[in-house]
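Fit the two chains together into the complex; they arrive one by one in their own frames, and the hints show the way.
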Amino acid sequence: DAGVTQSPTHLIKTRGQQVTLRCSPISGHKSVSWYQQVLGQGPQFIFQYYEKEERGRGNFPDRFSARQFPNYSSELNVNALLLGDSALYLCASSFQGEPYGYTFGSGTRLTVV
Amino acid sequence: QQQVKQSPQSLIVQKGGIPIINCAYENTAFDYFPWYQQFPGKGPALLIAIRPDVSEKKEGRFTISFNKSAKQFSLHIMDSQPGDSATYFCAASIGSSNTGKLIFGQGTTLQVKP
Numbered sequence: 364d365a366g367v368t369q370s371p372t373h374l375i376k377t378r379g380q381q382v383t384l385r386c387s388p389i390s391g392h393k394s395v396s397w398y399q400q401v402l403g404q405g406p407q408f409i410f411q412y413y414e415k416e417e418r419g420r421g422n423f424p425d426r427f428s429a430r431q432f433p434n435y436s437s438e439l440n441v442n443a444l445l446l447g448d449s450a451l452y453l454c455a456s457s458f459q460g461e462p463y464g465y466t467f468g469s470g471t472r473l474t475v476v
Numbered sequence: 313q314q315q316v317k318q319s320p321q322s323l324i325v326q327k328g329g330i331p332i333i334n335c336a337y338e339n340t341a342f343d344y345f346p347w348y349q350q351f352p353g354k355g356p357a358l359l360i361a362i363r364p365d366v367s368e369k370k371e372g373r374f375t376i377s378f379n380k381s382a383k384q385f386s387l388h389i390m391d392s393q394p395g396d397s398a399t400y401f402c403a404a405s406i407g408s409s410n411t412g413k414l415i416f417g418q419g420t421t422l423q424v425k426p
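In order, the protein sequences belong to chains D and F.
Position in the first sequence (from 1) plus 363 gives the number in our numbering.
Position in the second sequence (from 1) plus 312 gives the number in our numbering.
Bear in mind the hints are in silico, worked out from the structure with no lab data behind them.
Hints are not guaranteed to be accurate.
[Stated by the list, open to error] One side only, chain F facing chain D, incomplete, derived with CB under 7 angstroms:
| no. | residue |
| --- | --- |
| 1 | K327 |
| 2 | P331 |
| 3 | A336 |
| 4 | T340 |
| 5 | Y344 |
| 6 | F351 |
| 7 | K354 |
| 8 | G355 |
| 9 | P356 |
| 10 | S405 |
| 11 | L414 |
| 12 | F416 |
| 13 | Q418 |
[What the hints assert, rightly or not] Listed below are the simulated BS3-like cross-link pairs for lysine-lysine, each with C-alpha atoms no more than 30 angstroms apart in a straight line:
| no. | chain 1 | residue 1 | chain 2 | residue 2 |
| --- | --- | --- | --- | --- |
| 14 | F | K370 | F | K354 |
| 15 | F | K354 | D | K393 |
| 16 | F | K370 | F | K380 |
| 17 | F | K425 | D | K415 |
| 18 | F | K380 | F | K369 |
| 19 | D | K415 | D | K376 |
| 20 | F | K380 | F | K425 |
| 21 | F | K369 | F | K354 |
| 22 | D | K376 | F | K354 |
Think of the CB as a built atom: it goes at the ideal place given N, C-alpha and C, for glycine as much as any other residue.
Excised from the complex, chain F in its bound form (with noise of 0.2 angstroms):
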């Protein structure tokens, strides 16, 4: 109950093309799913963040789909660039849990042709 699903693995797109990045969980007391992007040598950084009240939110290229009844989220990436080659994870959480423990995904490495 407390992993989340993450794919696919890998990812090749060309330069332009929409990348597509799917979670999955279970436990229904996750209210915050961020998503992070990691580059070699480097820790994750915050992308974007969705809470399950709303089905869609976007900033910038980056979008994030959400749909509570399959329990399932997904990233987009329009118009994507060889600089947005890296590894995404999926997480989530509890937001009012005073742990503020994340919950990742195994990680999806996306590599973008010029």
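For reference, chain D alone in the conformation it holds in the complex (with noise of 0.2 angstroms):
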């Protein structure tokens, strides 16, 4: 079974521009969450998403946005990019959201030059 699936594993951008990241949960989850990691520090809290709906929402600007397609598929946004906002973007399925048995993706790692 393929697990959480996260793209482009890379991207560079600059200063001001837009970028949205993509993510596919495991089959049969309804639940995607997305995380910031910077460097040398832990995963942050950005969003979840429970079918379709928005149920949390970490201490993040308006800049960041999220939306879950009836697949169940993620899309994160990001807008007016800061060179603050270089990290490792992670997205985590479950079946409803619980925090038990979180499954990661790889990652997406964003560089805002």
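So this is what it looks like as structure tokens:
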């Protein structure tokens, strides 16, 4: 079975640009969560979606947005990129959003120059 | 109150040694405490997890010790191997919460020397 897949794996953007990151959950999982992991730190919660509805939001500015599609895949959008947005963006899926048995993807490495 | 503090930041042990990583929390509503292992270029992978109604849990060479009164928990890796060299994160969550939000510690980079 395929795990959580994220695309692209690496991305370089310029300050001020916009970026879209994609995530496909494990088959059967209906919830997707997004985390930002800055180098040398633990992941920070950004969003959780379940059945296309936003269930939780972390302490991130409105430049960050996300959505979930009917097939449970998800996109994370970041507008007006700042140098500080450079990080590994992780997607995790679970059956109904519970923290038990979270499965993380390998992430998208975003570099803002 | 939402923080999880992890120490040490880095750790070097010889093969066969028992590295110990410690975490502390403040929010008594937390009721799920997982440990994740992360290799370079990969996402975190769940290693072992514990709930506050038990004081210890073992899975293979990995053991979590939990002290509810002190609001601390730790990971012990028995008979450590070079393949265990990775970054380890503790985390905490309110399991009954429908957001599934995990609060992570800052990570411990472990190096096991052959």
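Next on the checklist: Please verify whether K370(F) and K354(F) have alpha carbons no more than 30 angstroms apart.
Outcome noted: Roughly 25 angstroms separates the two Cα atoms, so the pair holds.
Next on the checklist: Quick check on the hint: K354(F) CB to chain D CB, less than 7 angstroms?
Outcome noted: For K354(F), the interface hint holds, since the closest Cβ of chain D sits about 5 angstroms away, which is under 7 angstroms.
Next on the checklist: So, as I understand it, the hint says A336(F) touches chain D; can you test that by seeing if any CB pair is closer than 7 angstroms?
Outcome noted: Because about 14 angstroms separates A336(F) from the closest Cβ in chain D, which is outside the 7 angstroms limit, the hint is violated.
Item to check | Agreement of K354(F) and K393(D) with the hint, judged by alpha carbon distance not exceeding 30 angstroms | outcome: Distance ~22 angstroms between K354(F) and K393(D) Cα, so the pair holds.
Checklist entry - Do the alpha carbons of K415(D) and K376(D) lie within 30 angstroms of each other, as the hint requires? => result holds (28 angstroms)
Next on the checklist: Please verify whether K380(F) and K369(F) have alpha carbons no more than 30 angstroms apart.
Outcome noted: holds (14 angstroms)
Item to check | Restraint outcome when P331(F) is required to lie within 7 angstroms of chain D by C-beta distance | outcome: Since chain D brings no Cβ nearer than about 18 angstroms to P331(F), farther than 7 angstroms, the hint is violated.
Item to check | Residue hint P356(F), partner chain D, criterion CB-CB below 7 angstroms | outcome: OK, holds: P356(F) within 7 angstroms of chain D, min 5 angstroms.
Checklist entry - If you take the shortest Cβ to Cβ gap from S405(F) to chain D, is it below 7 angstroms? => result holds (4 angstroms)
Item to check | Cut-off 7 angstroms, beta-carbon criterion: hint that F416(F) touches chain D | outcome: holds (3 angstroms)
Item to check | Cut-off 7 angstroms, beta-carbon criterion: hint that K327(F) touches chain D | outcome: Check failed: Cβ of K327(F) comes no nearer than 26 angstroms to chain D, outside 7 angstroms.
Checklist entry - Does K369(F) pair with K354(F) here, judged by a C-alpha cut-off of 30 angstroms? => result holds (26 angstroms)
Hint compliance for this structure: hints 1, 2, 3, 4, 6, 17 and 20 are not met, and every other hint is.
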